[in-house]
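*Asks:* The lines below spell out each chain.
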Amino acid sequence: MEPTTAPTKPQFSPAAQAEIKRLLTHYPEDRSKSALLPILHIAQAEFGGWVSPEVQDLVAETLGIKPIEVYEVSSFYTQYNLKPVGKHVLEICRTGPCMLRGSDELTEHLERITGAKVGGTSPDGTFTLKEVECLAACGFAPIVQVREKYYEQLDTPEAVDAMLNELKSLVHRPILPWEETGLPNSLKNY
Amino acid sequence: MGRKLLTEHINVEGIDTFDVYRKHGGYRSVEKALKTMTPDEVVEEVKKSGLRGRGGAGFPTGMKWSFLAKPEGVPRYLVCNADESEPGTFKDRQLMSKLPHLLIEGMITGSYALGARTSYIYIRGELLYVLRILEKAIAEAYAAGFLGENILGSGYSLDLHVHPGAGAYICGEETALLESLEGKRGNPRNKPPFPAVQGLYARPTVVNNVETIAAVVPIVNEGGDEYAKLGVGKSTGTKLISACGHLNKPGIYEIELGVPVEEFIYSDEYCGGIWKGRDLKAVVAGGSSVPILPKELILKTAAGENRLMTYESLSDGGFITGTMLGSGGFIAMDETTCIVKNTWNFSRFYHHESCGQCSPCREGTGWLEKVLHRLEHGHGSMHDIDLIVSVAKQIEGNTICPLGEAAAWPVAAAVRHFRHEFEWHVTNPKEATAPGAAYRGAAVLA
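Those sequence lines, one after another, are chains U and L.
Residues in the first sequence are numbered from 1 upward in steps of one, following the numbering used here.
Residues in the second sequence are numbered from 1 upward in steps of one, following the numbering used here.
A couple of the hints might just be wrong.
[Unchecked claim] The calculated EDC-like cross-link candidates involving lysine to aspartate or glutamate, where the alpha carbons are at most 20 angstroms apart (straight line), are:
no. : chain 1 : residue 1 : chain 2 : residue 2
1   : L       : 184       : U       : 72
2   : L       : 184       : U       : 61
3   : U       : 21        : L       : 159
[Unchecked claim] A few chain U residues facing chain L, derived, Cβ under 7 angstroms:
no. : residue
4   : 26
5   : 34
6   : 95
7   : 97
8   : 102
9   : 130
10  : 133
11  : 134
12  : 159
13  : 163
14  : 167
15  : 170
[As the list claims (entries may be wrong)] Derived, one-sided and incomplete: chain U residues facing chain L with beta-carbon distance under 7 angstroms:
no. : residue
16  : 31
17  : 73
18  : 135
19  : 139
Hints were generated in silico from the structure; no laboratory data involved.
A virtual CB, placed ideally from N, CA and C, is assigned to each residue, including glycine.
Between the sequences and the hints, there should be enough to build the whole structure, so can you do that?
*Replies:* Quick look at the structure:
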């Protein structure tokens, strides 16, 4: 995953630039820094699921702020990955309500079948496992978030397999984080 | 069966679209407020309704609104707190994804009452799919003339935007949320000044939870007095309860405040009892930060009265024998649950989520996690049990924001009611740390 040559300066795609332009209209003109969090989300989706120092510098340049203003924010919020990640980042909720419904067992199971350890990536680069705190879907525990999708009630090996098979079938990364990925089952069948 | 003011139409096919929502009476409150009421009259109805903040603190919404400073020529803001992240709470996600127009309608009516011309919905970054649902619905509302310039010809204009966070529990605290909305780290601000005077961009700002803003819709439609007829005493109206943990039917239930806790847990209309035919051990009734109560005390108060789902009844007995309604995150634990492990898990959460500004919280939550970890794994001492109570006490009241209390309360209550279980981990470490082990002795009820 590490670059072998000196990284070239990253650039946002036209689609991302258009989205950034739209976002900037949401805030007063002298308060464009407000768009920092949403733009970092776009940057992360656009540049391989993580935000390198070069990408963060690009975000700073886009907003006309100092790079440190981006670094201090990207390191505060847990959704931004500051290191390279695999093709799919599985964010496993580990907080109380999920633990009561088997998130410890789910994590062990995922480590076993993906070959990745929590905090790391599987040898083939397909899956990164990350433990996260409460995802606010406690009634449908245990839960894994992958990009924008929640996979819920992963309390059987079959449910986990179905999730992994669906992920393996996705060839492309999304360009922007706003694309449709389908709703979690709990929201389809209320 | 109680009345449903927010979720009555939640199962209607296509209710997330403007047309279907409108057909079911949607946006009536905007028409009524903008055409027939002054902003102050809307605030007055909210005051009369007795509505209390649904995010957890339970502060009277009408009063919060009346505190908003209104200097001439200075913009003011209504910001919706959709950073739902109190463990055990998942009502707002459901409400926003199924009924996005209900929140938008509440935002328009609320913004009109407060005189805001730009308003924001701050949604937690994990819910980008819900953000998209909201943005789509907002676009529909603009197209239908309910947002933008001169709404319904009233002369009132409003822009509404959704803004994502990026993974930080602390941003649910209103001043941390405002910092985050300004593109900064989510460090809570010192108060005063309160947001009502200096909030977003140092302008007067009201921050309200999703459910609170949604409740403004039925309040304006039916009148504050009608709303106040539902519920019991100062707990008026309906409340969304997120039920999770070891229940047969976890999920979101809109209840009329005043339902007995026992009925809520065991009746088929609600949670349908404890899963796998097991016995109930304990409940955390209002999100992870409120005191845990053993079965006996969650079902009945210390005086032996039926405990009700109201702000007052749940807090009966203070923090000695009572708890709080909080956010309505109702976490049930069956007889096989290890209270020590659960307390450690929550402490790890608060340590992870502490923003690090205040030493008592930054250091104290770390101590709690570390000492609870060794207790849970059979390496603790009797002294450790008193140590965590002492650390919790020293965090409480010594921090800028309530995350300190949120971290301290669960520990204090767990030791108060389940001290024998902590001691058992010290005296019988082998037994206590065996897979699936759980202490079955009686809880302390006073």
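*Asks:* Each hint: holds or not?
*Replies:* Outcome of the hint check:
1. L/184 x U/72: Roughly 8 angstroms between the alpha carbons, so the hint for residue 184 of chain L and residue 72 of chain U holds.
2. L/184 x U/61: holds (16 angstroms)
3. U/21 x L/159: Judged against 20 angstroms, a Cα distance of about 17 angstroms means the pair holds.
4. 26: holds (4 angstroms)
5. 34: holds (5 angstroms)
6. 95: Holds: closest Cβ of chain L sits about 5 angstroms from residue 95 of chain U, inside 7 angstroms.
7. 97: OK, holds: residue 97 of chain U within 7 angstroms of chain L, min 5 angstroms.
8. 102: Hint on residue 102 of chain U: violated, closest Cβ of chain L at ~11 angstroms, above 7 angstroms.
9. 130: Violated, about 11 angstroms.
10. 133: This interface hint holds because 5 angstroms falls under the 7 angstroms limit.
11. 134: holds (4 angstroms)
12. 159: violated (16 angstroms)
13. 163: violated (16 angstroms)
14. 167: Since the shortest Cβ distance to chain L is 16 angstroms, the answer is violated.
15. 170: violated (15 angstroms)
16. 31: Hint on residue 31 of chain U: holds, closest Cβ of chain L at ~6 angstroms, below 7 angstroms.
17. 73: The hint holds - residue 73 of chain U has a Cβ within 7 angstroms of chain L, the shortest such distance being about 6 angstroms.
18. 135: Where the cut-off is 7 angstroms and the nearest Cβ of chain L is about 6 angstroms from residue 135 of chain U, the hint holds.
19. 139: holds (4 angstroms)
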